[in-house]
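Student: Chains as they are written, first to last, in the numbering used here: chain A, 1132 to 1285; chain B, 3 to 400.
These aren't lab readings, by the way, just hints derived from the structure by calculation. Note that this is a predicted model, so its numbers are computed, not measured. Heads up, some of the hints might be wrong.
Which residues of chain B face chain A? A partial, calculated answer using Cβ under 8 Å [as the list claims (entries may be wrong)]:
| hint | residue |
| --- | --- |
| 1 | Y28 |
| 2 | E143 |
| 3 | Y150 |
| 4 | S209 |
| 5 | R259 |
| 6 | I288 |
| 7 | P290 |
| 8 | R374 |
| 9 | T399 |
| 10 | L400 |
Taking lysine to aspartate or glutamate and the EDC-like style, the derived pairs with C-alpha atoms no more than 20 Å apart in a straight line are [said to hold, decoys possible]:
| hint | chain 1 | residue 1 | chain 2 | residue 2 |
| --- | --- | --- | --- | --- |
| 11 | A | K1164 | A | E1259 |
| 12 | B | K205 | B | D175 |
| 13 | A | K1251 | B | E169 |
| 14 | B | K245 | B | E50 |
| 15 | A | K1220 | B | E214 |
| 16 | A | K1251 | B | E214 |
| 17 | B | K245 | B | E71 |
| 18 | B | K39 | B | E71 |
| 19 | B | K39 | B | D281 |
Backbone N, C-alpha and C fix where the C-beta goes; we use that ideal spot for every residue, glycine too.
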Amino acid sequence: MTNPTARYLPAGLPIPVAEPDGLSAPYWEGLRKGKLLVQRCSHCNAWQFGPEWLCHRCHAFDPAWTEVQPCGRIFSWERVWHPSHAALKGHGPYIAVLVELPHAGGIRMVGNLLGDPAQKVTIGADVEGVFEHHPESNPPYALLQWRRRQVSSK
Amino acid sequence: MTARARDERTLRGRVAVIGIGETEYYRHGASPDPEFKLALKAILAACEDAGLDPRDIDGFSSYSDDRSEASRLAAALGTHRLRTATMQWGGGGGGCCAAVANAAAAIVAGLADCVVVFRSLAQGQYGRFGQAAGIHTVSGERSYLMPYGVLAPPQRFAMRVQRYMHEHGVRQDAMCAIALASYHHAQANPRAVMYGRPLDPGKYDASRWIVEPFHLYDCCMENDGAAALVLVSAERASDFRRKPAYLLGAAFGSGHRAAATAHNAPLYATASFDTVAPDVYRMAEIGPSDVGVVQAYENFTGGVVMALAEHGFFRPEDANDFLTFENLIAPSGRLPLNTSGGNLAECYMHGFELVLEAVRQVRGTSTSQARRSDVAMVIGGPMVSPASNLILGSEATL
Chain A
1132 MTNPTARYLP AGLPIPVAEP DGLSAPYWEG LRKGKLLVQR CSHCNAWQFG
1182 PEWLCHRCHA FDPAWTEVQP CGRIFSWERV WHPSHAALKG HGPYIAVLVE
1232 LPHAGGIRMV GNLLGDPAQK VTIGADVEGV FEHHPESNPP YALLQWRRRQ
1282 VSSK
Chain B
3 MTARARDERT LRGRVAVIGI GETEYYRHGA SPDPEFKLAL KAILAACEDA
53 GLDPRDIDGF SSYSDDRSEA SRLAAALGTH RLRTATMQWG GGGGGCCAAV
103 ANAAAAIVAG LADCVVVFRS LAQGQYGRFG QAAGIHTVSG ERSYLMPYGV
153 LAPPQRFAMR VQRYMHEHGV RQDAMCAIAL ASYHHAQANP RAVMYGRPLD
203 PGKYDASRWI VEPFHLYDCC MENDGAAALV LVSAERASDF RRKPAYLLGA
253 AFGSGHRAAA TAHNAPLYAT ASFDTVAPDV YRMAEIGPSD VGVVQAYENF
303 TGGVVMALAE HGFFRPEDAN DFLTFENLIA PSGRLPLNTS GGNLAECYMH
353 GFELVLEAVR QVRGTSTSQA RRSDVAMVIG GPMVSPASNL ILGSEATL
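With the hints as constraints, model all of the structure from the sequences given.
Tutor: Okay, here's the thing in structure tokens:
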């Protein structure tokens, strides 16, 4: 799912990039291609996010990257009112959610919940990922956002 | 000392706080003095309190990227010799008790004799914690958070508290009670930045949201100032002018993968004391019912709820019943909490003001003295890793 134009938060927030050592480069490159890639150890099958140089469970180095479906459920959330960055002055409130991916070992990731910032948020609600592309940015990047999933469409 | 005692790996009863001191506490950016000068003032005040020649200090201990270098302090104070210089890794205010433990361990191990533990902050000089700096790109853990507007500490911790409230049915009233108790105690404490500025439930409810579930009054202040204490071995404790406060127990750390990025700690809805609380009780050889008064680090009130539950003062599902204003105030609440006003209302000295207040409680010199104050606990830095805690006691508790 891709929306080529919309951005949830105003421009000017820090741009995500991989570390100089490249640890998270596959993740960020994946998002730009509309794919969610996370680490899964090819030795013991443990899932891991964010990326590490070794598997936390069996200590094999360089866990493999694998594509997973960007869908999950809300594990926790917050509605932010106070701007902590110049780009957010006069903007808000906005919602950040912590999404759990049960089909990927329960790894969690933070994103924004698209839609009305005043909406009621329910822990446990199903959400699906939306790739938010920023090709005009320097450097270009993409984010993974979330929206409520309609059960009937699945 | 018997062979058995020598082999026993504990800090219990082996070191004592003999002096405490602090500067005036200022609103953030309002200190007329730079940070290093504030540190010197607090250290000299602690030495004066103890009746100790500052030149006899032979070690320094602080935490969380402290900028006042031990060697520079030793040179400025003219200490005869420097024998230990430790700084606790990471964790923000999670190091406020660990810094004391590191100093105590150095003394017990024979590395030093007289160690100052300190913290000084001048945010006018070095910038505020609560604002995201003007950076263009981010990588590492912050790259999974900041582009989504999860930038400053309140935003990083609110989701953890929200999950805890969801799992255990904790209501906003429980967090409000913590803020009310802190402000109540600050009204008796002339050192407190919020002295003369009381808080009531209506004012709490009407205050703006910073990030749900945190109102303005659920969030710690940011301040300038410095605080210090002096530790010596228990054998020397009676050589000084004040009643000593003995270290009964100290612990720090965090549980399995507590620092897994980003928000992937297996045990997420926790203050990080799941493993640390049992350790401190084991060393102190007491349980929660023996603790008479608690100073609990409040980056945010929600973290206090979690930290107190993890230290066994109540079960999480009983938080709403336990955390009431009446239960949390000195002298005779069930668990007098943050009796100087703490990070919310006395001064945000990165939690170190809480350690000084625990010493005052054991001495009997708090402005809000708890009826049961022979055993005083400090809990540092809920929700960070590593977190830390300590228990102080009077001579009678040894």
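Student: Which earlier hints turn out false for this structure, listed by number in ascending order?
Tutor: As far as the earlier hints go, 1, 4, 6, 7, 8, 9, 10, 17, 19 are violated by this structure, in ascending order.
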